[in-house]
Each structure stands twice: as structure tokens, then as C-alpha cells.
Amino acid sequence: MNTDIDYTNNPLHGVSLKQLLTEIVDHYGFEILYAYLNINCFNNNPSIDSSVKFLKKTDWAREKVEAFYLYQFKNLPRASAEQFELPPRDRIVPQDQKPGQPAELSLEDAERLREKRARKAATRGQDAGHRSGSSKRTSNSSNASAYGNSDPWAKWRK
0 MNTDIDYTNN
10 PLHGVSLKQL
20 LTEIVDHYGF
30 EILYAYLNIN
40 CFNNNPSIDS
50 SVKFLKKTDW
60 AREKVEAFYL
70 YQFKNLPRAS
80 AEQFELPPRD
90 RIVPQDQKPG
100 QPAELSLEDA
110 ERLREKRARK
120 AATRGQDAGH
130 RSGSSKRTSN
140 SSNASAYGNS
150 DPWAKWRK
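Just so you know, we're using numbering that gives the first Met the number 0 here: the sequence shown kicks off at 0 and counts up by one.
Please keep in mind that the hints were generated in silico from the structure rather than gathered at the bench. Honestly, I wouldn't trust all of these hints.
Dumping the calculated DSS-like pairs for lysine-lysine here, alpha-carbon to alpha-carbon at most 27 Å [unchecked claim]: (1) K119 with K55; (2) K55 with K17; (3) K97 with K17; (4) K119 with K97.
These numbers were taken from a predicted model, which means no experiment stands behind them.
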């Protein structure tokens, strides 16, 4: 991490993974986390300790949870395209952006979001032959929707 850059406005600054997970589980519960993030550690015998252990070993899952923390739990405005390419802990949050109240989430909304993303992925699959360089991303999205577990964070995790 570059020490010349000020990361202190990032709500992840100084927050351990266990603390972050405890906050979002206390607020939303494991069922909502699984519904929105589709990470099995929130579905199969979920606990804070086992989830932290998995997330510490799995970069993509940890970054997905950290992004959820920033944009759903802390309700920050969406990051710029440039910042969105960075891992959530490395993002610079502008000083004028302050965390808000946690977003209201429900299992019904998670299902609607999953269906919407599955339709979008299917549409991308149809357009794959017309775009150059998009076959890898399209096939991953199509595979996710084919198994009925479309990833609501797939666009974020290129």
C-alpha cells in the first residue's frame, strides 16, 4: 500500500475481517448474506470463525464481502470505474462521501436481483458472437446462470 495516499476515509481502514463479518451478520444474518453473495460459507453450517477462515484464504470471496460491506452495509455511493478495479481495502473514498445507514435487504429482493442478473447473463450469451474479447466473461456468467446461482457480484469481479 502506498503510504502517500490517504485510505482513512475507507470504512474498511482498521477493521478486521472478523469485526466486519460480525457487524454484517449481526445486522443481516447469514441467510441474507448467502442470498446476495452466493458464498457457501454463509450457507453450510455458517459461523463467524469458519467464515473468517474461508475468507482469509479466498481472495475473491473476501473482496466480494468487503465490497458488500462498503456498498450495502455502509451504503456508500458506487466507486468510480478506476477505483472499482481495485480491491475494496485499497479504494480511496472521497472525503465528501460518508457511510450511511445499512441498505434494507430482503430475500425477495435477492431473488429478483438473481433473476435479473441471470437474464442479463443470458442476453450477453446471445451477443457473445458479435463482440470480440468478451467470450471469457460471457461464458463465466452463462455458466453461473446455467447452474441457477447467478453471481450478483459477477460484474464487479471481472
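Against the structure, the hints come out as follows:
1. K119 with K55: Between K119 and K55 the Cα gap is close to 31 Å, so the pair fails against 27 Å, i.e. violated.
2. K55 with K17: Given pair K55, K17 holds - Cα atoms ~10 Å apart, limit 27 Å.
3. K97 with K17: 22 Å, holds
4. K119 with K97: 31 Å, violated
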